[in-house]
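Enquirer: One-letter residues, chain by chain:
Protein chains: 2
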Amino acid sequence: MKVRRVGTGAKQPSDAEPDRGTLVTPSAEFPPLGPEERAALGRIGERWRLPRRPEELPVDPALGRRRAGPAPSRFGRLAPIDMFTVEEPGELCATGPAHEPGSRAGRALTRLRRALFGPPLSSSAVVYERMRKLVALPILSSDLLSSVAYGPEAMLAVLVLAGSGALGLSLPLAAVLVVLMIAVGLSYRQTVPAYPHGAGSYIVAGDNLGTTAGLTAAAGLMLDYVLTVSVSIAAGVSAITSAMPRAAPATVLLGVLVIAVLLAGNLRGVRTAGNIFVLPTYAFVAALLAVLVVGYARAAGRGFVPVPPPPVPATQGLGLLLVLRAFSSGAVSMTGIEAVSNAIPAFRPREWRNARTTLGWMVGMLVVLFAGLIGLIHLNGLVPRSDQTILSQLGRLTFPTGPWYVFLQASTALILLLAANTAFNDFPRLLFFMARNGHAPRRFLHLGDRLSFNNGLVALAIAAALIFVAFGGHTVSLIPLYAVGVFLAFTLSQAGMVVHWRRHRDRGWRRRLVLNAVGATLSGMVLLVAAVGKFAEGAWLVVVAVPLLVLIAHRIHRHYTRLHQALALHPPPGGTAPSAGPSAPGGSAEGEELPQEVRHLVVVPMARLNRASLRALAYAASLGQPTLAVHIAPEDAEADRFREQWRAWGDHLRLETIVSPYRAVIGPLAHYLEALRAARPELTLTVIMPEVVLRHRWHRVLHSRAEHRLRAALRALPGVVVTSVPVHVAE
Amino acid sequence: MKVRRVGTGAKQPSDAEPDRGTLVTPSAEFPPLGPEERAALGRIGERWRLPRRPEELPVDPALGRRRAGPAPSRFGRLAPIDMFTVEEPGELCATGPAHEPGSRAGRALTRLRRALFGPPLSSSAVVYERMRKLVALPILSSDLLSSVAYGPEAMLAVLVLAGSGALGLSLPLAAVLVVLMIAVGLSYRQTVPAYPHGAGSYIVAGDNLGTTAGLTAAAGLMLDYVLTVSVSIAAGVSAITSAMPRAAPATVLLGVLVIAVLLAGNLRGVRTAGNIFVLPTYAFVAALLAVLVVGYARAAGRGFVPVPPPPVPATQGLGLLLVLRAFSSGAVSMTGIEAVSNAIPAFRPREWRNARTTLGWMVGMLVVLFAGLIGLIHLNGLVPRSDQTILSQLGRLTFPTGPWYVFLQASTALILLLAANTAFNDFPRLLFFMARNGHAPRRFLHLGDRLSFNNGLVALAIAAALIFVAFGGHTVSLIPLYAVGVFLAFTLSQAGMVVHWRRHRDRGWRRRLVLNAVGATLSGMVLLVAAVGKFAEGAWLVVVAVPLLVLIAHRIHRHYTRLHQALALHPPPGGTAPSAGPSAPGGSAEGEELPQEVRHLVVVPMARLNRASLRALAYAASLGQPTLAVHIAPEDAEADRFREQWRAWGDHLRLETIVSPYRAVIGPLAHYLEALRAARPELTLTVIMPEVVLRHRWHRVLHSRAEHRLRAALRALPGVVVTSVPVHVAE
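First to last, the sequence lines map onto chains V and X.
Count along the first sequence from 1, add 849, and you get the number used in the working numbering.
Count along the second sequence from 1, add 849, and you get the number used in the working numbering.
Bound conformation, chain V alone:
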């Protein structure tokens, strides 16, 4: 398998590892060290001296070898040792039960999740969770093919504004669109083998045109995916409700329900979700082919003489702008063509070959269906009507009665609902790539129980559901919007390929460059026409949202880069002198200190003397470091009383009482610790607090939870380590 270095991260300082490819792997959450950091690690290790030889471990950490009988435990089951198997010395492997949470509520939740989404899949199964071509085709093409259900109509609806005479223009326009489809299809076919591990617009544009271009393409695609979900589901739901008007009041509920079902299906994993969607896509294609065959057979019967369309008065002149708008409206039939290129790693090996074949089939089917439909509509002289879709008119004309019409309409509604599923495949994968480059939150790297990108799936479902609810399910008006995002991505991707061929100059690069340049130019023209022609209709939203998303992605990347730099390993400074003395507080005091350089002072805040606080005190003293107890008293009398109790206990440790006349505890303690550090900045203060763990969560309201507030306050202090000593009580 050819692994090639790709990814926009190449120019970023935080991406130091050259060989991770675009494979989807659970290890993406743990990027390996770069060569410089590795060298620094060795230098640090050389200077490590343990302050005194620690005793041997009191317990064998490879638990498997010491299979004692099951011990009763509070957290999990009776035999916790069976939760791990010994792989090799120093390596255990967790078994399924080791994933169950400790609390009863957590375990119930886990059982529910398992019932809904299935048992967890092992990381080693990641390579098998791939799609056969016959399964991949319906999954990835539902978005593209479903566009045929509204694309031709959208084009004719613009043309008819110039009167029924202008409808004749649909044939040349369709011819141009078919050229565009083939050009873009060929363009993407070239991209697939060039980027065998994922050839999404984000990666191709970012790789060849720079990070911002890649992020712009990604932002366009992200908008497209979210809108695809809400728009397709709105169209599908309205197809249902126009068939059953009584269901209309439940539009929003139905849509959200469908989104939830799609989410659940995808959380179960790719292959399972795919299987659900195989039949409807093929059914839709079969229904449309039947319409075409029967329709053309009848037209052949009357010698292909077109029926003249009913006269419609012109409301606008037939200018260039109208034609261009009609063209860009028809171009929405192409949305979804990029699905394959993003999903290459989900194919079975060899991924790129299977993906390219699938893409070829998809474009072929698109061209046949689109051109066939436009031609048949022209032959039958159909005109867009407000009460019925043009596809429905064609269906009624072809199959005036009988189950075929119902089948056509039902499969149209179904494929619109399922088109949304393509977005569920691609959106999380795009976020994964972005997250790996540090352009999206890192949690999108996480592979869930079922090897699906749970966080990305949930994010998409929430965004789409919010838009769906915000528009009350009437999101069909958003259809023109999302063409802009798609063609933005198309244009950047193919322009990126032009640069790619210029750089690599493989065999036949000139031919390929020209092909991609044609695709980029055509897509760019459609983009321009769509953005300008539909600016007032809502395209301005995209024009605002894309730069905003790019800006956010840049800010996220800056945060991760700076954080990485701040946490990167540097070789220790020369010389063996300990870093004592008043060094500046803040970052440098918390560097990768060596154990022999850590100077301890243990501070134990004591509110009262009871089992919990004495246990914290005993724990602190057992560490054998200098230890100081601190008591905050609201008034002198209380301080005296506490000191008297302290003497009764034996005065084993130094006690400092702080009278806080204004009765606050957190502030004075934090300031006191800060003052201690200011006196000796090289000290590491360890604050040891007892934490009474209550059995019932609702009992927490009865306690002030001072240790939580103290922890929050101390978080801001450099060089202060906070330790919680839990004391579990039955109450």
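Hints are not guaranteed to be accurate.
As the list claims (entries may be wrong) - Here are some chain V residues the structure puts well away from chain X; computed CB gaps all over 12 Å:
no., residue
1, 1141
2, 1220
3, 1537
Unchecked claim - Some but not every residue of chain X turned toward chain V, in silico, with C-beta under 8 Å:
no., residue
4, 906
5, 942
6, 1025
7, 1348
8, 1353
9, 1355
10, 1486
11, 1516
12, 1517
Claimed, not checked - From the structure, some residues in chain X lie toward chain V, with a derived Cβ separation under 8 Å:
no., residue
13, 956
14, 1165
15, 1250
Calculated from the structure, these hints are not laboratory results.
Fair warning: this is a prediction, and the values are worked out from it, not measured in the lab.
Glycine residues also receive a C-beta, built at the ideal position from the N, C-alpha and C atoms.
With the hints as your guide, set chain X onto chain V.
Expert: Below, chain X without anything else, positioned relative to chain V:
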């Protein structure tokens, strides 16, 4: 000053200290140890052995002596040492700046709070924050005297149901009520010196009749206080809106605003709040006295011949039940009479004498105003009308025109608004007493910045505002409700005094017993009549709520008692053998261990190798205890890679990798720690995690915050100590 042992806690096992009295003191949050626990403390101390002699403290904890120059610090100011003054060896005193929080937002909040509520008051100021009698009288009597504004009317409104002829019964009923007022007043006068530090019904009933009786009285009073606030404010607001109908739509907003203003005033502290309320109360009394003087002077002019009332047809027969209901309605004039007895500690010394004098004045004023009004109403033949209050009728009759009528109405509206303030004085104090006995959440013990019970004040304001909003400001219908709660408390308090005299048999105890018995009997009758007669009108709510509150208080007490028992100090078991061996996990493994018995194993979960995790590792190693590093890997390849990096570092510490094939981190780690503990139950595991502290809070969404989730999961495990090593980054 006579300090007497009171409080229902006497019978509770958790209250072991015999001498804390009912003084309000900030030390109430820190109850001293009982004798048994003290003895156990000494025994534990005798057996303490520090594992090795800790070095001298590396820094002098009494910071004041070492006034080094100001050191730059991140948390507070430049010179943190000035935040403490040295009181005596081992005792510091925090100054005002030491209370400021560290974050910028926190400091801004503090400044806002200071501007609203004034600078903090020192604990030593608690004794000076007392009320003079002339200030206490209006503060504590506004509730009682404001009842005169609706009490007579409530009685007449019931009587008139039996026709205007029945109105004549008002004079004998008023006479009985006056007797009741004097009897209850004398009863409470006797209580004040017997309980010089707070003679609330809760304490008196609990002390003499048992905890449940005390809690029942407290529940009745709590309901009364909350209802007083919402009802008085509703009545006051409706007085305003009937004068200015245009303000009617803002009723709810106005009421909530008034509650907020009352809350703010009380958060500023008792005396300041009192000063606001002096004038209106005296104005109300002056206005009513003017009405009485002018009215009786005119009546004297016509020889005290009563004007016959206009004929009103009877709708009900004049039965005993009607008379009793009229009586209990008239009795709402007495609500608020108990205010003084709860507030004794807020008086200037000698508190009880000043309180008793104030109570005498209040009852005298109540009797004069109540009897005078009933008499004048009778003389003028007034009948309750739906469009105008009877007080307003009387005002118009006495001062047909001119500013006096406006003055009367305005001061009535104002005193109704301010009556709510009495509840703001007493409700938090009642909760303080309950919390000290463990019958209410302990946070009600806390004295705020301004020595006011902030938590109780806020709780009252929220409860009253919720009721006010829930009823849309139309809470006048709740007036009948709250008589039930008040008379419940009256009856129990006076019955408690009967028991008190029987037990103590001081000089003249028989006379006092009879007086209290009469008061208790009369109050009990009113309670019975009110509860039965108004059951359907809403009294059932009180009948449900009181037992519920008592139950909750008992459950809270049980929780605190059990927790106290679980955390109480016990002498260590005999012998000096360490408590090793497989002891049962849970409570006993976390007893007040001795330092020499603690066996350590330090576990450092390592996700990746960077500055933060290496610092945590260095910190762990510097403790000199057996240390184990653990890495959770999502797949074998990642585990191998991590081990290889570990070797590059130098392999200074034992590393255990756990492959988690289902990619969870928290669960396997928690189960692994549990398995370690199961193998050696006497081990104390210390989990040391790095915690990267980000500067901007919103950056947290970019991180998985695994250490927080791990901390939550580990909280359930016994014997696992969690330590956070913070690493501050500039980003």
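Enquirer: Which of the numbered hints above does this structure break?
Expert: Violated hints (numbers, rising): 3, 6, 7, 8, 9, 13, 14 and 15; every other hint is consistent with the structure.
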